Each structure stands twice: as structure tokens, then as C-alpha cells.
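Here's the letter readout for the chains.
Protein chains: 4
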Amino acid sequence: MNNQATAILLAECPDQPGIIAKVTAFLSKNNGNIVDLEQHVDSADKHFFMRVEWQLENFSIQLDAIKDAFQEQVGSVLDMNWRIAFSGIKPRMAVFVSQHGHCLFDLLSRYQSGEWHVEIPLIISNHTTYKTLAENTGIPFYHLPINAENKQQQEASQLELLKKHHVDTVVLARYMQILSADFIEHFPNKIINIHHSFLPAFPGAKPYHSAHERGVKIIGATSHYVTSDLDAGPIIEQDIVHIRHNDSVEDLKRKGQDNEKIVLSRAIRHHLQYEVLVYKNRCIVFD
Amino acid sequence: MNNQATAILLAECPDQPGIIAKVTAFLSKNNGNIVDLEQHVDSADKHFFMRVEWQLENFSIQLDAIKDAFQEQVGSVLDMNWRIAFSGIKPRMAVFVSQHGHCLFDLLSRYQSGEWHVEIPLIISNHTTYKTLAENTGIPFYHLPINAENKQQQEASQLELLKKHHVDTVVLARYMQILSADFIEHFPNKIINIHHSFLPAFPGAKPYHSAHERGVKIIGATSHYVTSDLDAGPIIEQDIVHIRHNDSVEDLKRKGQDNEKIVLSRAIRHHLQYEVLVYKNRCIVFD
Amino acid sequence: MNNQATAILLAECPDQPGIIAKVTAFLSKNNGNIVDLEQHVDSADKHFFMRVEWQLENFSIQLDAIKDAFQEQVGSVLDMNWRIAFSGIKPRMAVFVSQHGHCLFDLLSRYQSGEWHVEIPLIISNHTTYKTLAENTGIPFYHLPINAENKQQQEASQLELLKKHHVDTVVLARYMQILSADFIEHFPNKIINIHHSFLPAFPGAKPYHSAHERGVKIIGATSHYVTSDLDAGPIIEQDIVHIRHNDSVEDLKRKGQDNEKIVLSRAIRHHLQYEVLVYKNRCIVFD
Amino acid sequence: MNNQATAILLAECPDQPGIIAKVTAFLSKNNGNIVDLEQHVDSADKHFFMRVEWQLENFSIQLDAIKDAFQEQVGSVLDMNWRIAFSGIKPRMAVFVSQHGHCLFDLLSRYQSGEWHVEIPLIISNHTTYKTLAENTGIPFYHLPINAENKQQQEASQLELLKKHHVDTVVLARYMQILSADFIEHFPNKIINIHHSFLPAFPGAKPYHSAHERGVKIIGATSHYVTSDLDAGPIIEQDIVHIRHNDSVEDLKRKGQDNEKIVLSRAIRHHLQYEVLVYKNRCIVFD
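Going line by line, the protein sequences match chains A, B, C and D.
Okay, so the first sequence: first residue is 1 according to the numbering used here, each after it adds one.
Okay, so the second sequence: first residue is 1 according to the numbering used here, each after it adds one.
Okay, so the third sequence: first residue is 1 according to the numbering used here, each after it adds one.
Okay, so the fourth sequence: first residue is 1 according to the numbering used here, each after it adds one.
Chain A on its own, in the form it takes in the complex (with noise of 0.2 Å):
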């Protein structure tokens, strides 16, 4: 934790000697003091991975001349995919839920208590069930029911509302409807899901329903980004919780939920902290 304002590079590149160096010289020539650096190379496939945060206080560039400043003298010297974000500007979050309130309370009670930075100015549901919780809290509701016939529409106006709000990351809090490709693609990486197991196993619908049949001896709880291939996104965060034969579907879910909301929570910490790269389909967190 930082109180002065930083700024965070996160980047990936082909692997090749100096990354660190060249980086961390453009950093240090420019009086920018790291307060945190972390780097990974994928072995495998020679690629690497850094994410580096530097106070901007004494910073020799100026603010809105530093993603130019780092593309001329590093980015496009390395071949390098970056991108670089301001402690001082909050993210825009919009959360979606439907009829399961466990996580909405959850990330509502965070919010309010301030633990993260972030500013949510709206949740959307096709239901109306958490509508006064919403209001309480003080964040706009919007009530957009879905069925078969309307459900391109009700996306277009989720769309809207979202641009409307300037939004950048969507989490979908047990939202229990499926979004389009076309929806997806609007948020690539930035849409969170929770989803009630611990994939790849029991995918889709009633993952407790499955585990108890199943009879496993753990249930799991899996934070990924949405990608058009269902519940095949990369994973941001896993865990489990132990369970016995004597607990029946009902206890699943009791205790899953619990589960749910910290590892949604988690998840969320990590993509907000800027934390997160994702490679192939996986990713890479720097905790």
C-alpha cells in the first residue's frame, strides 16, 4: 500500500537479455524511484513479463507525456505489448448480478468500508431483488429483464449504459445469463466472473448438484475473465473448501458460497491493483 500517487507499467515482450535493465534505466534516469517490481519469464515459450510501479513524485516526464516517453525509448525497442495506469485515477466498475445476493453484499460491504479503490457508479440485474440494497448504498439500479426474444436489445442498452458511465470493468456477481460474443468483445479481459466450482471441473450449470453426485470430498470456487468459450476464460483466482458425505446440495451451496465471495473478491483486488496480464489463455498474477 502506497499513499503517494505511482504509476503502474504493466508489460510482455520476447524474452531477450537487458528488459530489466533498459526499463529500470529509463525509470531511474528519469528520477522515478520503484516501489515495486516484479518480473516472470515464461521458459517454455521465452517470453517475459514485468510489472513495475514507481512514484511520480520528482517523475522528470510530465503525466501526459509519459506513455510516449516510454513507447519511443523502451516499448518500441523491445517489441513490447504494455500499458501503463495512474494510482490517481480510479477504475469504473459495473456490477451485474441476478437473484444470488452473497457476493453483491459482499463487494457492496467493501465498498462502503472503502477497501478498494474504485468507483462503481452502477449495477444492473435482471431482477429486481437487490434493488433497495442498491439504492441504500447510494449506487444507481437499473432493472433490465431478460428473455429470449429481447436479449440482443437489453445488451444494447447494457452497452450504453456502461459507455454512458464510462465504465472499464464489468463483474458479473453470480449473473446468472450468458453474454454474448459481440457483448464480450466490448470488455476484452475486463469482464469478472464467479463461477461456483472449481474448473475445469463441473462447468456450466448446478456445479453443486454435480459435486454431490460426483461425491468429491472439495468444492471449489474459480474468478476468471469472460472469453466467448464459456467458463474456459483465464483463471485470476482458485479455492476450495473442504466438505463431508453429510453434507447434502443445501450445505454446498452454503458453504460455497463463502467461498464464492472471497475468491470473486480476491479477483477483483488483483485486476483493480493492476495485477493481472493474461498470455494464452492464462494469467499472470503479480500478488
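Since the hints were derived computationally from the structure, they do not count as laboratory data.
Any given hint could be a false lead.
Copies of one chain are not kept apart here, so a pair can be met inside one copy or by any two copies together.
The calculated DSS-like cross-link candidates involving lysine-lysine, where the alpha carbons are at most 30 Å apart (straight line), are [to be verified]: (1) LYS280 - LYS253; (2) LYS206 - LYS280; (3) LYS67 - LYS29; (4) LYS67 - LYS22; (5) LYS46 - LYS253; (6) LYS131 - LYS90.
The structure displayed is predicted, hence computed values, not measured ones.
Given the coordinates of chain A, assemble chains B, C and D onto it according to the supplied hints.
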């Protein structure tokens, strides 16, 4: 743990009022002091399960008459499937191994320290890798190499050895051969396997490679009874370890092996303590 | 989970042969169908513990006569300490909170979703921080500020409120005041606290600071019944999270709070389900 | 994991801008390809820590000149405490054991399977319990019984043996003797102990008895460097297992021993991989 001689009843029957009263009345009127009693009702299936252990000291029925008396006075009345084991009789367990030794080492160290109430009369392998280890431990080692041609014949030899050594339990300590349905039929719910994934995810060969490829954040191990349906038998025990993006397939193997040996050893212990009942491909584990 | 009306017996007595037989015979002859039965024998202390739950439908003893009948036919015979609860009667639980809201938020979200079989008639706080939250949930909120001078008087007011609202359980959801021995005596084994360390390590104030200072690799949370011996009451539930060298005290607090709320909620559930027996400052939890 | 020859730098110094740039520039200009780099800033203490591993192939400085060059060009400039290790040189580790063998067995199975990059030239014990085991593994075994009178003399013999065998790391695999401050001074942060509790809870003798007495719901194990302050040295690794009310002290020992051996082995691995830096009695573990 109880050092006195005890008997253990494992029983299951359709649920109805009064089952526990009948079983405990039988024990009570014959001066059987209950050391441990656990029961479970599958309320969906309306089926009853029970494990009860009682002291044989002062028990008024002779050892060799207990089973008949129980069947006559309780079992037949309740349409019960049951078995009774005596703590004085050590289970006899064979170990099958191929070329991964971590589970075998762990198992033998428990055997040598006397942690388990078991006799291991032989180790069977399709390789000679652990011949010396077995011999140092004083356990006869049989080398039965297997190829596409001789499999049926070698299984016959294995069965003969198991019969000759009065084996009642077989542990596959990372034995990389698939047993035939015929072999398995000789040991129903008596062959314990360790699979190196959190089943049902990643069945079959090379689960650590698949886990790495999929980018999961946890890896698991599953110990289950072997059935003719590969990697689909009833699960006795499962656990997981967390991994990070910087763990290579080799790292997964290393971290996973620690997990495998612990999970397998817990499953073996449950089995040896007569704590496991199998019903509809699920394990009730009275732990 | 059972939606039908049940009775739950929690009992303990010196161990002797035939206890379960006597209890289950009492239920059986009165047509009480057992839903769940667990027992435990402390073999060192030769003491017996039991929890049994049975359906009241068809039970031949009237509700208001059960306790007398049990005492006469079983309890007095076995020198038993026991209590019987009825699933039809909702426990009434007060929540005390100061300025940390994570446990309160979590608890209220469970309350609103109907996860627990409980009535929360009031929230008491020495601050006004969560007044609006309580009111939004529809629960009366009482602000009773405490200082060195008025403590005794405020505790009297609290006791009066608890009595008026027929409260039988008190949850300290990070209530930062120490209750007097006199207050505690009114609710023996009925006040549930959450302490933010794995007791007995780091009792007292600021355990996360102490954990950071000591350089531990795990932090914990402990939910226990409150006794006059601070942080030394019988432990109902504990769990931990792993931390790394780069976690600051602030990070420990954040990660720890997720753990605290889960541990507290599990302890509350055990208590509300009548699963806990206290003996010699230890909890037997029949889960 | 990297099979090519590498060098590993572990360094710490007061924090200032440009440290990483200086270190990586030194490596880059000498053609050292970085395989792994991790850093940590203790922001409270304004202190910097770093581990960097680079390939020696193509590195333009000769092996025996690297340390001088680094000190001259980097270390002295930054007022750095540092050490450099070479992957080509195997650490030499002695194992001390008494009468509990679970950690020794586990450790030797890893040694035999080649899991660790280490040489174990000798085992020292105050008992003969594991003489045969050591000899079967081909490791010299020294029996040095200890009593109140001969302790000083036996420690002298131990030190002589360690010197003779060029030992740089000592593992106390449940060695039940307290080492003298004088002995410890010979191996600062090089003696690794396993204590069978989650320190700082239950230091000293018989922690499982204390845990049972207190009624905790988790038991732990702690691996730490030995200092003259008993059970208070810097913690390398900790983990726990959950227990229930029906676990006797014997059960705690059994479950705990599985935990001990895993925790000790992880700590040893961190040490052997040069991943641990000690600062103010805390371990920075770059894992």
C-alpha cells in the same frame, strides 16, 4: 485410538425409526461398551449408515459367535448390509508401484514407525527401481514387468501372489498400469488408488501438464477406490495445494507429490480403520 | 437441513456402558425418528457427550412434557447435564459492534438472505458508525457510548435492553470493549467473540501488529465464548490465512478481516444449530 | 528450475532510487541473462531487499572474479550487504535427529529421489534409532549421546565433524537437544529447526499436549532459523492442520507429524535455493 480389543460394525440399510436403538440395545444387553458411534442418514435416498465400535472385554458373546448373533437379532430384522471387523486382526495390504517412489517412501516410513495397524506382506512392481528399498525394509519384492502381450498372464501371477499372502487390501502407490475389470472384481472397494488431480478435473494421463496448460491456480490429488470405470471410482479423500503463474510443470509435479502422499496416506488410514462405506459410488467416511 | 419440526438434545455425563441405548430407547419407544446423532467419549476423563436430533411429528410425548419425561426416565438415571431445544423456536441474538464493520456487514447479509435460523432484535454500539446500516436492515440500533466513568451504568442499560428483547445469545462483532465479569455471568457460554489472531498466540490488543513484528507466515482468527478470563474462553472455531514478507500491517488487517468474518459466522452457526457443548474450557462441536 | 549454470545474488541495503537499475545494468553490460528477479522494499524501515539469478553462459566476467567486480562496481556504491552463490556448487547439509523419524524419513526420500540440489555428508544423533536407516541410504551416521555432563564436549565433537565434512547448513529434524549459543554462533542463519506448533503459540516442550489442553481447533508447525533465543528465531515457513474435539493428543501428534515434515521440507528447499534473507529477526522468502 484405543489399545483394548474392539469390534467394529459398518452397516447400511433403508432408513426407519429405531435402528440405532436396536443396534445399541443389542450391544448394551451383552455388556458391549461403545467406544465410538457415528451414523448418517441420506435424507434424499432415505438410507441409513452406521459405524459403531465397542470393547470386547466383558462382551458376553464369544468372538466367533458375534456375527451370527448380530445377523439373527439385528441384521436380518432391519434388512441390513453389514460387516464386523476385529481390531485384533491386522489387515494385510499389498503395495503396487511403478517408477515414482514418493508415495512408496512415505508409506514405508509409516509402516516402519508403526503408525498403521497393518501388515504389508509384499510389494509388486513392473520395474526394479524400488527393489533395494523394499528389501531394506524387509518386505518381499516381486518384479512383474508388463507389456501389451503378457498383461493377462501377469495379472494372473499377481492374483496368485495376493491370494498366497492372504492380502485383503491393495494400494496403487502411483502404479502406472490400468488394472483389468477382471482383476478389480477380485477386490471390490479394496483397491485404493492415488490420482494426481482433483477429480473429476484432469482424469487420465499427465494431469499436471493439463493443469499447467489450463492455467489453474490450484492442483489437487484424489484417492479413490478403483472401479472398472477409470478414475471414476468412489472418492475417499481429496486435497489441493495452491500454485502460482511462475510454477512450471516440474514445480507442479514436485508440489503435487507432497500432496499426493498425504492424501493417499489419509485414505489408507480411513480404510484400515474401517471408517469407509461405499454407497452409489460415493464414500461415507466416518472420520 | 431438515424443514420438519425437530427437538435437539445436548447432553453430557460420566461415561458408562449403555448410555446411547438408554437415550435411543427413550426416543424409539415414543416414536421419535432420529435425524442425526453424534457422540463423543473423552477417554482420558471418562466423560460422555451427545447430540441427538429427532422429528417431533408422531412423537408421542407432548412438547411441554418432553423435558420432564426425559429427566425422569433418562437424565436422572444417568446423572446427566442436558438441555433440549426445539427447532420451532428461533434463537434471539443481539449484536454488539464498535467501529470495524466487516463482521457486521457479513452477518447482516446472512440475516437478510435467511441463511440463519435466528431473530436479531437489536444492535448495540458504543459508536454511531453503523446506525444507518442497521436502520436500513430494519433492526433497532442503540447507541450506548462508553467511557471510564459510565461503564457500569451502560452495562446495566445493555442488560436491560437484552432482557427486554428476550435475547439469549450475544455476538461481539469486533466490539472493542471488555465486558465485566458481572455482565458475562448473565450469559454463560452465550456470548460469542471474534479475536483477530490464532489464540493462544497474540492475545490482547493489536494482534496484527504483533504478528507483523514477529514475522509469522500465517495469521489467524479465533471465535470463542467469552469468559471473565480475557481471550481465554473455550474456542468454537479457528482458521488462518497465509501471508508473505511483503504484506504490511495494513495488508494483514485486510486479509485477516476476510478470515475473521468467515470464522465468526461458522461459530455463530454452530451455536444456533445447538452443536456446541462446553466442558473444561473446551468446545465439543458436533458439526 | 533451470538446468544451466547460474549465479544467485542475495542483497539488502538502505532504500534509494536506482538500485535495481544499477544491479541490472551491471549484469546487462556483462551479458548476464536474468532468469529470475525479485525485490522487496520494507517501506516502514526504508530498506531494500533483492534476489536475482542470472545465467553464467556468456557472462563476460570469470567465475572467480565476479564477487570482486560486483563489490567494486555495485556493492560498495550502494552500501550493500550481499552474497553470491553458484548453482554449480552443491550445498552440504548435516542432519541432526533424535528419536522421532518422520522428518528424517521424508528428508531422505527427497534426497534419494534427487529432489534437492544438496549433498548430505553425515547424520548425527544422540540415539542409535536411525543408524540402520542412515546406513541403508549410504550416509555416514555418528552416534553422539548427550547428557548433562558431556554436552559441551559432544558439541565440540559435532563441530569438528561438521568442519571436517565442509558442512554449511544444519537441519534439526526433530533433534530434541537445545544447542548452546556458542554452537549456534558457528552457523548464523544456517541451522534450520522444525517446531511442532504455530509459533509464537506453544513454544517449548510438549506443544501438542498444550494444544489439546487449550482446546484449539488448529495445530501448526513452524520452521525457523535457530538463534540463542529458544523457539524465537526468524520464521521461514509455517502451516497448520485442522483438528476436531475427538482428536486425542496421540491424534494431534500423528496429524501434526505430516504437517511438520512438509513445513520443514519447504523451509529447507527455500534455504537451498538461496531464497531467504534475514532482517530484524524476520525472513524475506523470495519464493
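>> Hints numbered earlier in the text: which of these fail when held up against the supplied structure?
In response: As far as the earlier hints go, not one is violated by this structure.
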